[in-house]
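Asker: Read top to bottom, the protein sequences are chains A and B. Anchor point for the first sequence: position 67 equals 67 in the numbering used here, and the numbering is continuous, going up by one each time. Anchor point for the second sequence: position 26 equals 26 in the numbering used here, and the numbering is continuous, going up by one each time.
What the hints contain is simulated information worked out from the structure, not anything from laboratory work. Possibly wrong hints are sitting among the right ones.
If you want the footprint, here are the derived chain B segments under chain A, 3+ residues with CB under 8 Å [unchecked claim]:
hint	stretch
1	68-76
2	102-110
To give an idea of the interface, some chain A residues facing chain B are shown, with a C-beta separation under 7 Å as derived from the structure [said to hold, decoys possible]:
hint	residue
3	R42
4	P44
5	S46
6	F52
7	A68
8	K71
Predicted, not measured: the structure shown is a model, and the values here were computed from it. All C-beta atoms, glycine included, are put in the ideal place defined by N, C-alpha and C.
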Amino acid sequence: KNQVEQSPQSLIILEGKNCTLQCNYTVSPFSNLRWYKQDTGRGPVSLTIMTFSENTKSNGRYTATLDADTKQSSLHITASQLSDSASYICVVSDRGSTLGRLYFGRGTQLTVWP
Amino acid sequence: EADIYQTPRYLVIGTGKKITLECSQTMGHDKMYWYQQDPGMELHLIHYSYGVNSTEKGDLSSESTVSRIRTEHFPLTLESARPSHTSQYLCASSSTGTTEETQYFGPGTRLLVL
């Protein structure tokens, strides 16, 4: 069964600190992996997308890594801000074509305290 | 921010009522989706559309129905709401013809059926 597992389920950090969120997947075949940020009461917003050949992608203070051999990805947040408080969702696609489907993780709920 | 809109944002309704959740996008995307999301859980695809007059059921069985008469509009209807329909409903759209095909999400509708 294709699955996307995220850890930790929730995380609390102090403003200015760094943190790393984990995503393990068993989806096969693999097309790409996305990290989304979902603020409370809002829809998810794409942060990064990586294909099989990419092992790192940055978007400002967000840096995603991908190890396609071990089927693991991480999202590193540098110098956290209060506005980083949100759910971070890992999404894996099994194909890049029109017929590809998405597999969603349950997300990591990040809370940044002042 | 993506140009995809959902109304209403919040809806409290009694059992047995008929409801329609509206979703519209101004990006000219041909593909549109409806997801259901419970707190702390992953998104589940309930309906999608490849274009006008195309509708397909998603992975999660749903008693709702959808229509796609216009490219920009993808409403979801529940003929008789029940408490089990209480959830958050997210609409999304994407454009085919790109290798990444990122989905852009609306802000969601939070539905409470009493």
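Asker: Which of the numbered hints are not met once you compare them with the structure shown?
Answerer: Hints 1, 6, 7 and 8 contradicted; others consistent.
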